[in-house]
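Below, each chain spelled out in residue letters.
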Amino acid sequence: DQQVKQNSPSLSVQEGRISILNCDYTNSMFDYFLWYKKYPAEGPTFLISISSIKDKNEDGRFTVFLNKSAKHLSLHIVPSQPGDSAVYFCAAKNQGGKLIFGQGTELSVKP
Amino acid sequence: DGGITQSPKYLFRKEGQNVTLSCEQNLNHDAMYWYRQDPGQGLRLIYYSQIVNDFQKGDIAEGYSVSREKKESFPLTVTSAQKNPTAFYLCASRGRPEETQYFGPGTRLLVL
Chain A
1 DQQVKQNSPS
11 LSVQEGRISI
21 LNCDYTNSMF
31 DYFLWYKKYP
41 AEGPTFLISI
51 SSIKDKNEDG
61 RFTVFLNKSA
71 KHLSLHIVPS
81 QPGDSAVYFC
91 AAKNQGGKLI
101 FGQGTELSVK
111 P
Chain B
1 DGGITQSPKY
11 LFRKEGQNVT
21 LSCEQNLNHD
31 AMYWYRQDPG
41 QGLRLIYYSQ
51 IVNDFQKGDI
61 AEGYSVSREK
71 KESFPLTVTS
81 AQKNPTAFYL
91 CASRGRPEET
101 QYFGPGTRLL
111 VL
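Taken in sequence, the protein lines are chains A and B.
So for the first sequence, my numbering puts the first residue at 1; every next one is plus one.
So for the second sequence, my numbering puts the first residue at 1; every next one is plus one.
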C-alpha cells in the first residue's frame with residue numbers, strides 16, 4: 001500500500017526555467033509534508049516542509065504547495081540551476097512521527 | 001561540529017555472515033531511524049528508536065536487528081537471515097517531534 005507516490009521517475013528542465021515536482025498521498029491524517037534532496041551515494045538533505053494547515057510555504061527559489069482536497073503537493077524550483085540536479089523525495093509525517101517516503105523523482109537541469 | 005556519522009562508507013558481506021553498520025550522532029537527538037534505499041525506490045523504514053533502550057520494528061525489519069544502549073548510537077546488524085541485503089543504508093535522527101529528520105551520509109552494503 002503506497003501511501004505516498006511520486007509518479008514521475010524523472011524530469012528534465014532547461015536552466016532558468018521552472019521545475020515542478022509532484023507528489024500524491026492517500027492518508028488524510030498526515031500532519032506534515034517534507035521535501036528532501038539527494039545526491040548519489042549521499043544522505044538526503046532536508047529542503048523545505050509544509051504543515052497540513054497551510055497551503056503554501058516559500059523559501060528562496062523553493063516553494064511547496066499543498067492541495068488537501070486533492071491530496072497533492074508540489075515543489076516548485078524557480079529559476080532552476082544545474083546544481084539542482086538530484087533526486088527529490090517527498091515525505092509525509094504521520095502523527096507518530098514516522099516519515100513515509102515517495103519513490104523519488106530524478107531532476108536533471110540542463111545548461 | 002554536530003552531525004550524524006555512519007561507518008563504514010562501503011561494506012562487503014560474505015554469505016552467511018552478520019555485519020554491523022554504525023550510526024552515531026552528537027545532536028542530542030532522542031529519536032533515531034534506519035532506512036534502506038534500493039534503486040528506483042523510496043526510503044523504507046527498517047527500525048526506529050524514540051528513546052534509549054527502546055526500539056520498534058519498521059516496515060521491513062525481517063533479517064535485521066538493532067540496539068540502543070546509548071543516546072548517541074544506534075547500530076544496525078544485517079543478519080544472515082536477510083536474503084537480499086545489497087542496498088544503501090541510511091541512518092537518521094530527530095530532535096523534538098515537530099522537527100524534521102536529519103540523515104547521515106549512508107553505507108553501501110554489497111554481498112560477495
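The set of hints was computed from the structure by calculation and includes no laboratory data.
Be a bit skeptical, because a hint or two may be false.
Cut-off 25 Å, straight-line C-alpha distance, at most; resulting in silico cross-link-like pairs (BS3-like, lysine-lysine) [unchecked claim]:
1. A:Lys98 <-> B:Lys71
2. A:Lys56 <-> A:Lys68
3. A:Lys98 <-> A:Lys110
4. A:Lys68 <-> A:Lys110
5. A:Lys56 <-> A:Lys98
6. B:Lys83 <-> B:Lys71
7. A:Lys98 <-> B:Lys14
8. A:Lys37 <-> A:Lys98
9. A:Lys37 <-> B:Lys9
10. B:Lys70 <-> B:Lys83
11. B:Lys71 <-> B:Lys14
12. A:Lys110 <-> A:Lys54
13. A:Lys56 <-> A:Lys37
14. B:Lys70 <-> A:Lys5
15. B:Lys70 <-> A:Lys98
All values reported here derive from a predicted model rather than from experimental measurement.
Hint by hint, here is what the structure shows:
no., hint, result
1, A:Lys98 <-> B:Lys71, "holds (19 Å)"
2, A:Lys56 <-> A:Lys68, "holds (11 Å)"
3, A:Lys98 <-> A:Lys110, "violated (35 Å)"
4, A:Lys68 <-> A:Lys110, "violated (32 Å)"
5, A:Lys56 <-> A:Lys98, "holds (22 Å)"
6, B:Lys83 <-> B:Lys71, "violated (30 Å)"
7, A:Lys98 <-> B:Lys14, "violated (32 Å)"
8, A:Lys37 <-> A:Lys98, "holds (18 Å)"
9, A:Lys37 <-> B:Lys9, "holds (19 Å)"
10, B:Lys70 <-> B:Lys83, "violated (29 Å)"
11, B:Lys71 <-> B:Lys14, "violated (30 Å)"
12, A:Lys110 <-> A:Lys54, "violated (32 Å)"
13, A:Lys56 <-> A:Lys37, "holds (19 Å)"
14, B:Lys70 <-> A:Lys5, "violated (35 Å)"
15, B:Lys70 <-> A:Lys98, "holds (21 Å)"
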